[in-house]
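Okay, here's what each chain looks like letter by letter:
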Amino acid sequence: MDELIFFINRVLISGTVLGSIYALGAIGITLIFGILRFAHFAHGDMMTMGAFIAFVLAGVLASAGIVTPLPTGVVVLPVAMVLAAIIALGIDKSFYAPLRQRGARPVTLLIASIGVTLMIQGVIRLIFGSGTRSFFADETKDIFRIDMSWAGAQRPISVTEPQVIMFVVTALLVVALHLFLTRSRLGKAMRAMADNADLAQVSGINTALVVRVTWVIAGSLACVAGTMLALDVALMPDLAFNIVLPIFAAAIVGGLGHAYGAIVGGFLIAFAETLAVFNWTAVLRPLNAVLPEGMALPPNLSLVPTEYKLTVAFIILVITLLARPTGIFKGAST
Amino acid sequence: MALIELKHVVGGYGGAPILNGVDIAIEQSDIGVIVGPNGAGKSTTLKAIFGLLKVMGGTITFAGEEITNSLPDRLVPKGLSFVPQEKNVFTSMTVEENLEMGAFTRTDDFSDTMGWVYQMFPILREKRRQPAGELSGGQRQMVAMGRALMSKPRLLMLDEPSAGLSPRYVIEIFETIVKINGEGVGILMVEQNARQALAFASRGFVLANGQNRFTGTGQELIADPEVARSFLGG
Ligand SMILES: Nc1ncnc2c1ncn2[C@@H]1O[C@H](COP(=O)(O)OP(=O)(O)OP(=O)(O)O)[C@@H](O)[C@H]1O
Ligand SMILES: [Mg+2]
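From first to last, the protein sequence lines stand for chains A and B.
According to the UniProt record's numbering, the stretch in the first sequence is residues 1 to 334, in order.
According to the UniProt record's numbering, the stretch in the second sequence is residues 1 to 234, in order.
Next comes chain B alone, as it looks inside the complex (with noise of 0.2 Å):
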């Protein structure tokens, strides 16, 4: 059974659709991600599956549990966590209050999965008591990513977690987010960084006007000939 799936998804902001029926499935064993040109409505998908905007068609199942237009606050129990692209810390919090922050659904002692996000992120626990505003952009991502998994998620949505950075740092976030994979954390992330994304997904979805373009594991996609001139520029 999918972890997540979503079945001819229609939504948007409240004008016309943004999302004109998109098809996701992913298993907890997987790392998806979505690639697509500008405007294509990557983001919108993500947000649609953590209740951000109205779905207004089609359905979202979360481990065989429909969670169509569910609230965040519902979501998170549940087992999903997203890290939007901006905006993503509390910038007048220290490093540790964040990390609380996302395990606020908790009512357990997650003073274990703490040492677990300290551990995947070893600066962190050297910055537990600087305010996340002070840290640099990379730094910023993993406090992001940290507090997405102190609720201990069964999927965390990422987008885009490479902007802004520079590829020392890509590299270090997309090695991480292989190994959260490989603690049983399924991923769905949306990336501009769509060739070398691509190369370690194990499902890829090219996203255009709202709709799926192409699916498949992301060495089909970056074999296949059209994806690679229309999508990952050649």
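Only chain A is shown next, with the shape it has when bound in the complex (with noise of 0.2 Å):
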């Protein structure tokens, strides 16, 4: 039983934790390819800047003495979004946009996008510094443990917060995406604009407000990606710079400019990696009791070691790319 709930406390939470993390951030990557067609380097930078927002936010929280129930993160995660959101806006205006009116092809403005994650990143270690931050250095970092005894287990399963915050809080933003993009009337002129650009303009539909809509959009789902990540990690410069790949493979691997898509490939994606560094040995230590005299399991039995993680997303999204280029669900990629 107990490795049952190892099993729970390793995979399926740390699964699901990360699952929404690379999801918020791939709906975002993939909404803005469908839109503008071009592979926006520097999304991973607009989560980690997120999350330095919502520190700061949450640091003036605290020190005017304002104690919330819940974690001083997740109180300012709403200002913290408009203020991504404008950000984001900024960003797309003074870099993008202007490239985009000279006819700039989607190359160029993924260099472009590479210079903003510089950008973001020197900007970022100029005012904090490069070092390693927490949310819960004043506060602390509630752990819920259900007691599984009744179920002749010795551990609890256990589950921080800020993680029971995250499900809900993306589970929340994606229910309210797909209302968006299938009730409203600006969602469904996105959902026309990723499908055919020009018919779009030619309908008449406000492509310049369509783009607005989805800078705001893929912003403050970066600021609550990225918040999350801190919330459950630690906050540093280069936070989500190192999980950037991994989105990419998800929005890619459930179809570039596929919300929906880029939603299952993040779950997708998350679990791989998760079950990929699992040590095995933790779940199938009782075999050892039934193996034969002199054999018994290795004390470490994961498919990949931790500190190749990354080659996980890589291999899902070489196999995607082979066998099925367009994503699970049908998208934009070619």
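Don't take each hint at face value.
[Claimed, not checked] Label-pair distances were calculated between CB atoms; the ranges are:
id: 1; chain 1: B; residue 1: R74; chain 2: A; residue 2: L110; range: 30 to 38 Å
id: 2; chain 1: B; residue 1: D112; chain 2: A; residue 2: V168; range: 40 to 48 Å
id: 3; chain 1: A; residue 1: T311; chain 2: B; residue 2: G39; range: 47 to 55 Å
id: 4; chain 1: A; residue 1: P69; chain 2: B; residue 2: P122; range: 56 to 64 Å
id: 5; chain 1: B; residue 1: G21; chain 2: A; residue 2: T108; range: 34 to 42 Å
id: 6; chain 1: B; residue 1: S111; chain 2: A; residue 2: F128; range: 47 to 55 Å
id: 7; chain 1: B; residue 1: Q130; chain 2: A; residue 2: V175; range: 21 to 29 Å
id: 8; chain 1: A; residue 1: G122; chain 2: B; residue 2: G137; range: 51 to 59 Å
id: 9; chain 1: B; residue 1: D112; chain 2: A; residue 2: P106; range: 37 to 45 Å
id: 10; chain 1: B; residue 1: E175; chain 2: A; residue 2: L245; range: 35 to 43 Å
id: 11; chain 1: B; residue 1: Q130; chain 2: A; residue 2: I146; range: 57 to 65 Å
id: 12; chain 1: A; residue 1: L186; chain 2: B; residue 2: S29; range: 30 to 38 Å
[Unchecked claim] Below, in silico cross-link-like pairs of lysine-lysine (DSS-like), each with a Cα-Cα straight-line distance of 30 Å or less:
id: 13; chain 1: B; residue 1: K7; chain 2: B; residue 2: K127
id: 14; chain 1: B; residue 1: K54; chain 2: A; residue 2: K93
id: 15; chain 1: A; residue 1: K309; chain 2: A; residue 2: K141
id: 16; chain 1: B; residue 1: K179; chain 2: A; residue 2: K93
Simulated from the structure, these hints should not be mistaken for laboratory data.
Here the structure is a predicted model, which means the values were calculated and not measured.
Heads up, the beta-carbon is just placed ideally off N, CA and C, and yes, glycines get one too.
Each chain sits in its own coordinate frame; assemble them with the hints.
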């Protein structure tokens, strides 16, 4: 029984946390690709930036002596999302929009976004230094332990408060996004533009407005994903830069331009990663009792060593591109 | 007063001009048909009206107001609509969502217009929950026209609406165009089925090398031996 609990804690909970973060990041990447037709490399850094915005706001709240029942990092999230969206709009207006107006090709925009990556990371290091920070320096991170002794287990299922909040917030945001894309006039216009930008223009759809809405959604979701990541682990200038590749893999595996694909892709990559680095010995240990004398499971039985976790996303990506280049859902990638 | 009037329009895609002085004028009661050889600049003419390429000379007026180089999001609310020849539906969206996108610029209730479109194309009502990409070529053309009608245009511009359709569908589409015109929508269309289209055109324009070669009523053009010989295949 304890083995099962261990599996739940290490795979189910960790995978869901990671999946939520990947999904929220990948939605932004996929929407930007669908509308603006370029790979927004700086998206990871928009996540990091969002986390730092939340960090500053949390600091302001704390220094004002305001104590909240939820972690301050979560309480400030709505305001942080608004600020992150405004900055995303500013970045588009100053860097990408002028290139688009000159008819720049997607690769030019991709390279510009690499420049934006360096710039965001530079600004963050300039202001905050390169050290690691925590949202929980002055407050405690509540851990819920669900007692499983009734099932004969000694270990509890343990999940932190930020993790629980993250599941709820992700679910709410995904539902909200779904309703926006399928029910609202602007959401439908967004899908129309991703489907056929020329026809969207011909229909009189205000494409500049759709572009702005895209940045607002992508920027604010990136802020949530980054903050959640920082709440779960720690805050540092290269926080999300390190996971931008699995996030891209999630968007591509799901089918670029396809929001639901990005969500599925995010969870798929996250669970594949968690399962690949999971030490199966921990679960299979009871087998030692029935194995013949002299044979025992090795102490570490994982498919991929933790430090090579990134390769998992790549393998899935390569398989997808070979077997189904348009992704799980038919995306815009070719 | 003409509904749409092009006066000596010169324009192109950045290089040498494709249109070298095109003159077109039609009333709201008209069906105007543009014919001419491949590469004559027929599609380019419609795109020039719709602000999709740069007009370098001449003027375009719509209901007395100059609209030269205006963009679609300004033109659609004024009463212009355009059905491009290709890729003219949102394939991943349902038929009904396609129609809704045609009404994007409208802020009023457009359910009566949707009813009108469904009355014009009853098959679309049946298929309204299906993705437009799953429909046949003829049905897609109906979705494309329906989308363009959703803004309640005064002028509907169509680029080769009968292209790639079976003869039965060609007749059906042409009949619908005449019907739409009968409900007070001016039509300006490009057609390869020139003889068939000129037969119901109140205004015909023969374009070659980006210039007008002949202008008249549809019947006049069909009756003109030179037009028939050079442009209608004898
Ligand atoms: N997007 C574009 N960029 C550059 N040149 C173009 C573009 N579209 C068309 N042209 C050129 O403009 C000229 C006129 O093209 P247009 O499409 O207007 O012809 P058309 O009369 O509609 O012919 P068709 O009967 O083949 O449709 C052609 O020489 C074509 O190569
Ligand atoms: Mg053409």
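Quiz item: Has the hinted range 34 to 42 Å been met by the Cβ atoms of B/G21 and A/T108?
Solution: Holds - the Cβ-Cβ distance for B/G21 and A/T108, about 37 Å, lies within 34 to 42 Å.
Quiz item: Given the proposed pairing of A/K309 with A/K141, does the C-alpha separation stay at or below 30 Å?
Solution: Measuring from Cα to Cα gives roughly 26 Å; hence the hint holds.
Quiz item: Falls inside 40 to 48 Å, the C-beta gap from B/D112 to A/V168?
Solution: For B/D112 and A/V168 the Cβ distance comes to about 42 Å; the hint holds.
Quiz item: Taking the CB of B/Q130 and the CB of A/V175, does the distance hold inside 21 to 29 Å?
Solution: holds (25 Å)
Quiz prompt | Assessment of proposed distance window 56 to 64 Å (beta carbons of A/P69, B/P122) | solution = holds (59 Å)
Self-check item: 30 Å Cα cutoff - pair B/K7, B/K127
Solution: violated (42 Å)
Exercise. Confirm or reject the claim that B/E175 and A/L245 have a C-beta distance inside 35 to 43 Å.
Key: violated (57 Å)
Quiz item: Has the given pair, B/K54 with A/K93, been kept, meaning a C-alpha gap of at most 30 Å?
Solution: holds (24 Å)
Quiz item: How does the Cβ-Cβ distance of B/D112 and A/P106 compare with 37 to 45 Å: does it lie in that range?
Solution: holds (42 Å)
Quiz item: Using the C-beta atoms of A/L186 and B/S29, is the stated range 30 to 38 Å upheld?
Solution: Hint holds: Cβ distance 37 Å, inside 30 to 38 Å.
Practice problem: Look at the Cβ atoms of B/Q130 and A/I146 and judge whether their distance stays inside 57 to 65 Å. | Solution: violated (47 Å)
Quiz item: Does the Cβ-Cβ separation between A/T311 and B/G39 fall within 47 to 55 Å?
Solution: Given about 53 Å between the Cβ atoms, the range holds.
Violation of the numbered hints given earlier is confined to hints 10, 11, 13, 16; the remaining hints are satisfied by the structure.
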